[in-house]
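A.B. asks: If you read the protein sequences in the order shown, they are chains A and B.
For the first sequence, my numbering gives the first residue as 43, with consecutive numbering after it.
For the second sequence, my numbering gives the first residue as 8, with consecutive numbering after it.
Just so you know, these hints were derived from the structure itself, not from any lab.
Some hints here could point you the wrong way.
As the list claims (entries may be wrong) - Under 8 Å between C-beta atoms, here's a sample of chain A residues computed to sit facing chain B:
1) G166
2) E261
3) A337
4) A673
Quick reminder that beta carbons are idealized off the backbone N, C-alpha and C, glycines included.
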Amino acid sequence: MTIHDPMCGMEIDPKDAFATRQHMGQTFYFCSQACVEKFDADPHRYASVVSSATTGIAENASGPLRIALPVSGFRKSGGPALEGALRALSGVSKATANAKEGRVFVEYDPSSVTVADLLDAVRGAGFTADGQAMRLKVSGLYCAECVTRIEDALKAVPDVLDATMNAATSEVKIEYSPVVGDLSQLTKAVENAGPYKAARAAEASEPEMDKEAQTVEKEYRALMRKWWFAAIIGTPTMILSYASFFPVLRDWFPRGSSAQWVLWAVLGIASITVMAYSGSQFFTGMWEGFKHRSANMHTLIALGTSVAWLYSTIALLFPQIFPSREFVDVYYDVTVVVTGLVVLGLAMEIKAKGRTSEAIKKLIGLQAKTARVVRDGEEIDIPVEEVLVNDIVVVRPGEKIPVDGEVIEGQSAVDESMITGESLPVSKKVGDEVIGATINKTGAFKFRTTKVGKDTALSNIIRLVQDAQGSKVPIQRIVDQVSTYFTPAVMILAVIGFVVWYDFGPSPALTYGLIVAVTTLIIACPCALGMATPMSLTTGIGLGAQNGILIRSGVSLQTAEKLNTVVLDKTGTITKGQPAVTDIVVNGSWNMELSINQPPLTDVDLLRFAASVERGSEHPLALAIVEGAQARGIKLSSVETFDAIPGHGVSAKVEGRRVLIGNLKLMDREGIALGDLEEKSKSLADDGKTPMYIALDNKAAGIIAVADTVKEDSKAAIAELKKMGLEVVMITGDNERTAKTIARQVGVERVLAEVLPQDKAHNVQKLQLEGKKVAMVGDGINDAPALAQADIGMAIGTGTDVAIEASDITLIKGSLTGVVTAIQLSRATMRNVYQNLAGAFIYNSAGIPIALGVLYPFFGILLSPILAGLAMAFSSVTVISNANRLKSWKPA
Amino acid sequence: MTPDKIFVTLLGLAAIAAIVWFFWMVKKPGVKAAVSSSGYQELMVLVKGGYTPDVIVVEKGKPVRLNFVRSESASCSEMVLIPDFQKSARLPEGETVSVEFMPDKTGEFEFQCQMGMLRGKLIVE
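Just chain A, with the same shape it has in the complex (with noise of 0.2 Å):
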């Protein structure tokens, strides 16, 4: 039997193994001491890699079975409680709770308990098991009892937790766990169970979309032809009720004359119709909402136009109940002019509504469809949603990478704008993470996939952009306390207004009081007010998500407006994380020693020694040697006896000459004099940095220093986050001294250093009560609790690992003007809220007292119901508008 080594995937005999290790309740096998140091250094991210949840790889083994259940409701001590839930059962024999990842580790015997217990305990226990949902596609059914002939067949199916059938659409949901390794047996299933045909549905994704997108045009279309509807009938009816005003038509339709009646009634007719046809929604909308006692837009609409049609009908068969003759009028033409402005102002309200969530459908629409997948060693082009994890995948140049995974073979540049925001291409080689969706340009290349489905980077991307676009800015729940209040209390003011105007205002007092109350009816905008916030935060959180910054609520979008304080980690987040050549001193007396001929040392040589020498070893510091050449360019040279001195250094023979590498210990050993390159060794280790001594033939040549290095645009980002007024705060475990030299290369002036990991919190804490806005800037992983505590947790994202859980804000390009750019939305996005939420409150509060007449007593104004209605229909436009204008920022 032969198993995986999880880390570099080689093909390794258990019993032949270089070390193993548990984690988890899983055994690993390794094939090296490199893949070893590697899996010690973050065990959990490649356990949870291997144990594969969510993919369902079929494990073939006899006895206990492993399977890890994605669980999501973790309270605090929730670990433990799930664990004993799920041990209580029989033939469980091991359970371990990872409340961070979301998984539970059970070990079972399959003969005694089944995976659907499994579940079911889970859910006794008070948590949510996420089992896995697909859609099943069924044709050829004949009979009413297909439906449970299908669902039956289906829940037949070892693994699979329920089946529904929808005869409407012919799809069956089926809800399966994890384990399920072969979805084609669900298939089977259907059609063994009579002549059907069943084939995959096509996923939530951009079909979807579109069907969505085909239901906003219908809806947009339907309310076109509305409103063309109105306004031809609205036309002449405008014209024929101010008749007086034209000359012909006044000597057509004098004043009380059996002609304007007729006039009238055929206009009554007319509007009646418009009401009907056009304003049919108003009139079904107020009546769900009666149905629910509560009002709506569409119930103040409705109230306004069917008001002024009654009183004018009323007007017109009954002219003698009115107490004067100068009450008899009619107001068909607002009914019929208001429905039409309205319904138009919903038709552009729909077509602005569409631009404000593109950014989501982009995301979708960059999911690949198809994979090229390594299969009993064919390459196969199959649908994206059948790649399994570890499946191998191969890639073309111009292609799409379908889904996440590690390169195992090939290199090449990629470009993951779409993802990162980052525009330049991403060199790849053997080893490095590629995120699916983004394109592959220059070569062509194989990777392993690591995360299929939906654990990809980009259906976590685009689950958390809906669900932050789906949550609230904190003030919007002001917001929503005075909407539930304002319709009923503008049909309150309306009847008030009606009254005060009756009782006190100039004669003709009811055809005064009626126009105040239907327009204050009218031009009351409700929806003006509930749409300001959402389209904001939609736009804002969709622009974010382009430009590789993910906020994960509208909470975190309005705190991070506020930040006046930035606490960034070093190491990851300002610096680089890795080491990396910093310093080559070449010892001052060799080159005087030289003969005249011979050419004298310089850092390319030592570089080239040291680097040449280095190639074998895999040690992080011999790394950082050899990417430093490779990066200068150096050409490295071939190695002859190579030879590790454990807790020295390294020696070997390079171009015929002995090469020596390590600290002093080695050079004490060897004897070898170093002169005033102990005095430099010293000063560059006082600057954090750690000094290798290299010697050549048993003299000493020179140091060649390795330290973490700044990020080339930190000290660009943090000016830029000074200059926007933001403290700047650096905290590290590291000395006073090494924090200081990075806090000097990159501007910051105030350094927390030396602060023990869980001490960073306490750190954050600290500074909050300052009475500061903290935000903490950390790569997710060890800052966890800094991040959560801090108002603002905004992890460093690594490539496809972008849930970060104790985060707010993920940036998934590693780079601190994220940080910048992040800031700069959150003011762009909150400002823009504000100027609509000021917009909407100002008309109504404005609209609404004009409406009433307060105007009237002092300069004889009073808003006619046609203009009320060109007003409500248009501030929802420009509410709409205001935000789509924010989709034109840009990071600067």
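Keeping the supplied structure of chain A fixed, place chain B upon it in accordance with the hints.
C.D. replies: Frame of chain A; chain B shown alone:
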């Protein structure tokens, strides 16, 4: 004041009282979610001009699954949010969309459409 003005004023006051009573005063009865075989407290919620039922009573500590069916095209209701449990879902017309969450705190919580025009109440006991 002439009799007709007194009449209109009284009528107006009556109308205001009616509006206040109708929209704000009446307590809506809640519907209790039933516990299904899968261990979930499940309930079907119709989305049409409002949520039916719009007051849902669930028990604390048991997972809840609300199956929303939206049978209208008005774009207002295309999303449902349960902000207190950080849940939201897009509701394509005519499709059943499940929203699952864990009621881990007691109290009255709102669920609503994105613009807050439709609302319902979730009572966790």
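A.B. asks: For each hint, tell me whether it holds in the structure or not.
C.D. replies: Here is what the structure says about each hint:
At about 6 Å, the closest approach between the beta carbon of G166 (chain A) and any beta carbon in chain B falls short of 8 Å, and the interface hint on this residue holds. For the restraint placing E261 (chain A) at the interface with chain B, the shortest Cβ-Cβ distance is roughly 5 Å, inside the 8 Å limit, so the hint holds. Hint on A337 (chain A) holds. Least Cβ distance to chain B is approximately 6 Å, under the 8 Å limit. Interface restraint check for A673 (chain A): the shortest CB-CB distance to chain B comes to about 45 Å, outside 8 Å, so the restraint is violated.
Hint 4 alone, counting from the list given before, is not met by this structure.
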